[in-house]
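Student: Okay, here's what each chain looks like letter by letter:
Number of protein chains: 2
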Amino acid sequence: MKGWEKNIRRVVPYVPGDQPAGERLIKLNTNENPYPPAPGVKRALKEMDYDRLRKYPDPASLALTDCLAAYYGVEKDQVFVGVGSDDVLAMAFLTFFNSEKPILFPDISYSFYKVWAELFEIPYEMVALDEGFHILPKDYYRENGGVIFPNPNAPTGLLLGLEQVEDILQHNQDVIVIVDEAYIDFGGRSALSLLDRYENLLVVQTFSKARSMAGMRIGFAVGSPRLIRAINDVKYSYNSYTMNMPSLILGVEAVRDEAYFKETVGKIVKTRERAKERLGQLGFTFPDSMANFIFAKHEKAAAVRLFEALKERQIYVRYFAGPRLENYLRITIGTDEEMEELYRFLEGYLEEDGWKAQKNI
Amino acid sequence: MKGWEKNIRRVVPYVPGDQPAGERLIKLNTNENPYPPAPGVKRALKEMDYDRLRKYPDPASLALTDCLAAYYGVEKDQVFVGVGSDDVLAMAFLTFFNSEKPILFPDISYSFYKVWAELFEIPYEMVALDEGFHILPKDYYRENGGVIFPNPNAPTGLLLGLEQVEDILQHNQDVIVIVDEAYIDFGGRSALSLLDRYENLLVVQTFSKARSMAGMRIGFAVGSPRLIRAINDVKYSYNSYTMNMPSLILGVEAVRDEAYFKETVGKIVKTRERAKERLGQLGFTFPDSMANFIFAKHEKAAAVRLFEALKERQIYVRYFAGPRLENYLRITIGTDEEMEELYRFLEGYLEEDGWKAQKNI
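Respectively, the protein sequence lines represent chains A and B. In terms of the numbering used here, the first sequence is numbered consecutively and its last residue is 1139. In terms of the numbering used here, the second sequence is numbered consecutively and its last residue is 1139.
Honestly, I wouldn't trust all of these hints.
Since the list gives no way to pick out one identical chain from another, each pair is judged satisfied if it fits inside one copy or across any two copies.
Said to hold, decoys possible - For lysine-lysine, the following DSSO-like pairs were computed, each having C-alpha atoms within a straight-line distance of at most 27 Å:
no.	residue 1	residue 2
1	LYS1089	LYS833
2	LYS833	LYS1078
3	LYS1040	LYS833
4	LYS1078	LYS854
5	LYS1075	LYS824
6	LYS1089	LYS916
7	LYS1075	LYS1040
8	LYS824	LYS1078
9	LYS1089	LYS784
10	LYS1048	LYS892
11	LYS854	LYS780
12	LYS1075	LYS833
13	LYS892	LYS784
14	LYS854	LYS892
15	LYS780	LYS1054
16	LYS1048	LYS780
17	LYS854	LYS1048
18	LYS916	LYS1054
19	LYS879	LYS824
No wet-lab data here; the hints were simulated from the structure.
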């Protein structure tokens, strides 16, 4: 090892889902929205003045934060935006988790939490889900340096009711509690309504799922002015200008069109409920997802083989190795047509004798 | 103080230059390029497929890193991209400055270095420039945990020759040395040519200045495969997808058009040299800038008053308070027309008796 190599930080990074190229494939592996962004986004993209690109964007991203504040009915100083909710969450870890006590998050959850904790050397404890994959609020009653959980949880799709979220908050008033609501729009009630009562609550959402903007990298946090000021201070200590001009302009357009947003989300929810029926008929079991994906296990077929067979057929789903997960596939809800192709393939695959033999290898 | 407030990180953030709105103002305060991005950027913006925004961008940003590797004649695994060079530098601090010994950087320099060191709790020492604002390589011969300096330096504009940069490298082979070349294209020789011999060298550049893309937030680092792998690991531990789809597509277009790039840079250099003449005639003195700005002091007029008078006239330049800086203004090189307006205003201002009286208040 060379002298300078000892100064390099050692980390085990998060591994994102594949981004395979090609037009004909069916991509159900990264929880993207199968529908395009709002039509206003298309229009704004065409009308964008490229000459303005030579200037720095607004470092405070006010066009976008003001628009989100109006949409969600909070004050302007209660919103923070970042380069996807990953950027917002990373900044939040750095800003809010500075206790010597361990932060708490579920053991089966968004796997980035552990990565951020290790990157920033934050002590943490992972709290086991119950056998049905549920988060139990009482497991979060103990002393800690902060709490974070997704609602609905990923990759299970299970939703906590607002009462349960508040139960966790009531028992954690001395630390900062982050509710990661990447998937809340697909059937959950947001913790935003609890902000008035809990100054230590930060709600994080994203444009990547319900708003069809994964390619733009926009996420946001809503919280008390005190929390938002603190995370802004850290952001200005890291990168003054995180949001580029297109993301500010197109982000505003995505928020403006509420009718399109509701229509798109409605279609995905309908397809998801239909998927629950069809997958059930095919012999799959799954937690009752309130997100835009289903975390499914087959009574007979091994998940990893099914994953490989689907991939060969150009249908990409997500497989996570590891205890309690290795029999499951996380299947993003696509269009009705994409899902029909999935069911057709599964029918054929499960009828063949092949998978039975393979299962016993 | 509430219980949870003690877990909040305390920082003193960097304060970016004003981004005043309005069409008629002359903006010479944040070192933006006065010319638009390459024509290919305009075309690509119009042709961009908005439907693709629903999908995640390539987390490895290969289109852009490959294109930069080809342009600069390095291997594909030697390039890293981020959300402006601030993002790249912040990641680099986090990745490479993990020694218990202090890192070194000039005392008059990009003021973000100190902010990052404090954010990540990296010990640091600021090395004084000489009385002519020069970086002296011999001041960097002592033991340290890493070295970073801009070349040309900001806000002075002074350039180190390649031999001097190599001198610093030769005396710092056990730590990582970062050369921040945000302004290198305006007259300097890049340290890229030293990469073959120094595996511990990281060269950082940006699209915000010479490439007219401040609004897109694109920066990059070039270094040995070992350094690039390390910073990528940290990036994947922070945010998998930092570069949004438009920045990848438009970034490639900005690199492709070498003729336009050279033409634009040539115009700015010519305007800068003319500015040195005119400012000299007006009674200003300044280090001999090789960047797209001039750091100028007037023999009689107080900088802070001149700054305010210019602002009133809708001409924005940058003023830094603080020892050795408080008599200077940093003036970005604009178009010839913008600079003529500046000279006209200065002529009038300096002829008036007003500033003389004010100076003595």
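Student: Would you mind marking each hint as holding or not holding in the structure?
Tutor: Evaluated hints:
no. : hint                : verdict
1   : LYS1089 <-> LYS833  : between (44 Å within a copy, 18 Å between copies)
2   : LYS833 <-> LYS1078  : neither (58 Å within a copy, 32 Å between copies)
3   : LYS1040 <-> LYS833  : between (35 Å within a copy, 19 Å between copies)
4   : LYS1078 <-> LYS854  : neither (53 Å within a copy, 44 Å between copies)
5   : LYS1075 <-> LYS824  : neither (44 Å within a copy, 44 Å between copies)
6   : LYS1089 <-> LYS916  : neither (40 Å within a copy, 59 Å between copies)
7   : LYS1075 <-> LYS1040 : neither (30 Å within a copy, 58 Å between copies)
8   : LYS824 <-> LYS1078  : neither (50 Å within a copy, 50 Å between copies)
9   : LYS1089 <-> LYS784  : neither (40 Å within a copy, 49 Å between copies)
10  : LYS1048 <-> LYS892  : neither (33 Å within a copy, 53 Å between copies)
11  : LYS854 <-> LYS780   : between (50 Å within a copy, 23 Å between copies)
12  : LYS1075 <-> LYS833  : between (51 Å within a copy, 26 Å between copies)
13  : LYS892 <-> LYS784   : both (23 Å within a copy, 22 Å between copies)
14  : LYS854 <-> LYS892   : neither (31 Å within a copy, 30 Å between copies)
15  : LYS780 <-> LYS1054  : neither (55 Å within a copy, 45 Å between copies)
16  : LYS1048 <-> LYS780  : neither (58 Å within a copy, 44 Å between copies)
17  : LYS854 <-> LYS1048  : neither (34 Å within a copy, 45 Å between copies)
18  : LYS916 <-> LYS1054  : neither (30 Å within a copy, 70 Å between copies)
19  : LYS879 <-> LYS824   : neither (50 Å within a copy, 52 Å between copies)
Hint compliance for this structure: hints 2, 4, 5, 6, 7, 8, 9, 10, 14, 15, 16, 17, 18, 19 are not met, and every other hint is.
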